[in-house]
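Colleague: The lines below spell out each chain.
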Amino acid sequence: MRLEPAGASLTSDSANGAVDAEAWRRGELAEWRRRRLLERKLHDGAAMRASALVLRLGVLRELVPEGNAPLLEGIDDVQDELHLMLDELREVAAQIYPPLLEEAGLVPALRELVAQLDAPVRVIAGRHAQTRFGAAEPAVYFGLAEGLAAAARSGTPVEIVLKPAVSAGGPELLVSVTGVGPEVGEALRDRVQALGGTVECGETTEVRVPCE
Amino acid sequence: MTRLRVGVLRALPVGVGVFVVFVVLNTLPPVLLGRNAVVFTVLLPFLAAAVCALGVRAVLGPVDRFVERITRLRTTTPYSVLAEAAARTRTGMLDTALPGLAEVLAGGTAARQAVIWLVVSDRLVAAASHPPPRTPFPEVANIAVLLDRPDVDHVVPIVEGDVLRAALTITKPGASITVADQRLMRDVASEARLLLQGVALATELRERVRQAAELGSELQHSRWRLTRARDLERSRLAAELGHVTTGRLAVVRGLLDGVRADLLADRTDDAVSEVGMIRARLDELLERFRSIARGVYPSVLRDQGLAAALEELVVDLPREVDLRGAPDRRYPWEVESGIYYFVASAVQRLAESPGPPIEVTLSEADRRLSVEIVDAHTELAEAELQAALANDLERLAALGGAVDLGRTESSVVLRAYLPEQLEPIVGARS
Amino acid sequence: MLLQAAGHEVVAVAAGGDELRELLATTPADVAVLDIRMPPEPDGGLTTAERLREVNPDMGLLFLSHYAESHYLMRILRIGTESIGYRLKEKIGSVEALSYTLARIEAGEIVIEPVLAKRLVDRPGAQRKDAVATLSERELDVLRLMAEGRSNGGIAAQLFVSAKAVEKHIASIFTKLDLHPDASVNHRRVLAVLRYLRSQRDED
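Those protein sequence lines, which keep their order, are chains A, B and C.
Just so we're aligned, residue 6 is where the first sequence starts under our numbering, counting upward by one.
Just so we're aligned, residue 113 is where the second sequence starts under our numbering, counting upward by one.
Just so we're aligned, residue 7 is where the third sequence starts under our numbering, counting upward by one.
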């Protein structure tokens, strides 16, 4: 018997490449939920254990007899390794689903993201810095993350402007990106289209995404 | 019947008519109006002339037609009418252009009936005729049959290469087909051919546009699937990372307890060496960690391919695994890692309970990379396997593959495949 | 735990913000250590701290997290700019580091995770066109340490220079960044610096 994926976001006709757009959209939303849970699990599991071990080592260090350099160094080294591991875990978690995106929303998460990029990127949201954009948030966040990683080497300043809009279909998020090539549009396109939004590439990359 | 005679025939009724009008108008009014209408008498010839002029114009049409019917000779050049019909064909609409052509044909050859036949599914069908028939024409099997018909006096076929596309026929009982007739028919035929070509092109164009739109949407969807598959891979790796790390760190924690005991008991040398061991374990974990986090994991898969990676995978398992059928070439990363992780998930789950060696066979056929996993003795329920393989099922489906499960009382057979070529997934109709 | 090993007395332990406030209502404490993401979700550490500061403005607050996020830093500074700190959990994994942090908080200072301060100051790339690019290497070191919340004395000790030299550098920095020199009070200074650094990339 054929084993079907649980999400059923792919038609049983999957062999011929066709896709039911509405089912796919629900599949995307389900995928984001799964990733949020996964990040939680990583945080509560591996990261928690690693930092607990760091503290344990700290306590252990106090038991070391005065002046025993090799032992002290050994413990310090192990702590450093654990620090490195936690750094790597943080990076992985941020790629799966940054907790700030879930907790504080798209604009704060984007600002945190661009702060660590090797290029001058500004995020402009006016009085909408705290606004939440529903389903559009992970699609735009990850699309931009991928796109900016591919784009930013030229040193041209990049500006990302976000603002809400209302359409017949409900609330929407509008994003304009200047100072980048088509890579940003390409990265955004699949995720945004899957939710029923549009991407236009030109001098400015213009994106429109439904929030529901 | 010569032209002269025709001319005389035309002139005759007109001449008679004019004569009658003059006589009436010149003689009658004076009689009616009496000796006082002397003034009118002067004007009367002019009046008569005017009436005749108007009358001739009105009468000429019917006279011509009458003469035509008697003499069966065209009196107007059909080429002006053909030009008009040709203008109509430029719009490319068969249903308005064809009747026009039929009309030109009938009028120009003075035929009683002219029919334009089109080839539709290997039969000849009357598409237009002038004058329009009272009962529809029957379909005709081929052009030979058409020639045999008693009501057909002349046939001109319209061909493209060696394929018959259409035919023109005229019915002209009791009259001969003149050279002029034949020439007109040929001209109408080429006009018809152009028209038919135009229509065929438009249909083909419509079909192409429809196919392109379909293709565009298929390509878009296939890109979505690839993005989804890559996302799923990233999640898979992160979950693997969490799993590996939690396990190893639990081990380290145990070792730390040992160090603590040593320190409390003043066994500092032992403590030093244990800390060293912990350090080594963490180094190893960090290495693995990094390759997982970079997304290209395991590196042996990237470097040496599927068979080598699976061999490494099964070494640590609590149950024996028989690997067969190493592919003789490399496949795209997503294909190899898709199959790899599927096998890893399945085999790791199956190996949790004891039993005979699990058989894993790789094969290549029908432009697919396939794998078959057989566990001859297992108590796992389908639902449990489905749960263990959830992420892989989705990923394989997104990449255009599928998984089948066969279950008997004690054994389980899993079969999975991926197309060997990923992009485009378009056109991979099974 | 580590706190005890360091010789500090742990007076209360709670699983969530509400429980903590209850306990602290009756038991006095010098410093409260909170996880930003503790219950009530999603940012119970911050909401609890707000209430605690209202009730007991002298009690120090140390926020711990697995992530160094400048978004939360700004929120923390809104709660207070004295006796307050924000550190990565694993970075205070030794008695030394933990005690140092707690001591500074108790003394009324601000303690900001160096990783975060560094990230704010060292904006990427040679493309940096704003005023920070005009600072010298040394001035950048001073700026980073200021962003960590350190006092002049603290900065001097880290860089092995005199307090006077530090004052000079700070004056120069403030001029170049066009910031108000009413920065004699440490916490206002830190705030000014951090606000400036953040404003360089955002528009709120």
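Don't take each hint at face value.
[As the list claims (entries may be wrong)] Facing chain B, from chain A, some residues (calculated, C-beta under 10 Å):
no.	residue
1	P10
2	E44
3	A55
4	L62
5	E96
6	A98
7	T161
8	V171
9	S172
10	R194
Since the hints were made in silico from the structure, they are not lab data.
Ideal Cβ placement from N, Cα and C applies to all residues, glycine included.
Colleague: All hints are to be evaluated individually against the structure, with a verdict given for each.
Modeller: How the hints compare with the structure:
no.: 1; hint: P10; verdict: holds (4 Å)
no.: 2; hint: E44; verdict: holds (8 Å)
no.: 3; hint: A55; verdict: holds (6 Å)
no.: 4; hint: L62; verdict: holds (7 Å)
no.: 5; hint: E96; verdict: holds (6 Å)
no.: 6; hint: A98; verdict: holds (8 Å)
no.: 7; hint: T161; verdict: violated (27 Å)
no.: 8; hint: V171; verdict: violated (27 Å)
no.: 9; hint: S172; verdict: violated (22 Å)
no.: 10; hint: R194; verdict: holds (8 Å)
Hint compliance for this structure: hints 7, 8, 9 are broken, all remaining hints hold.
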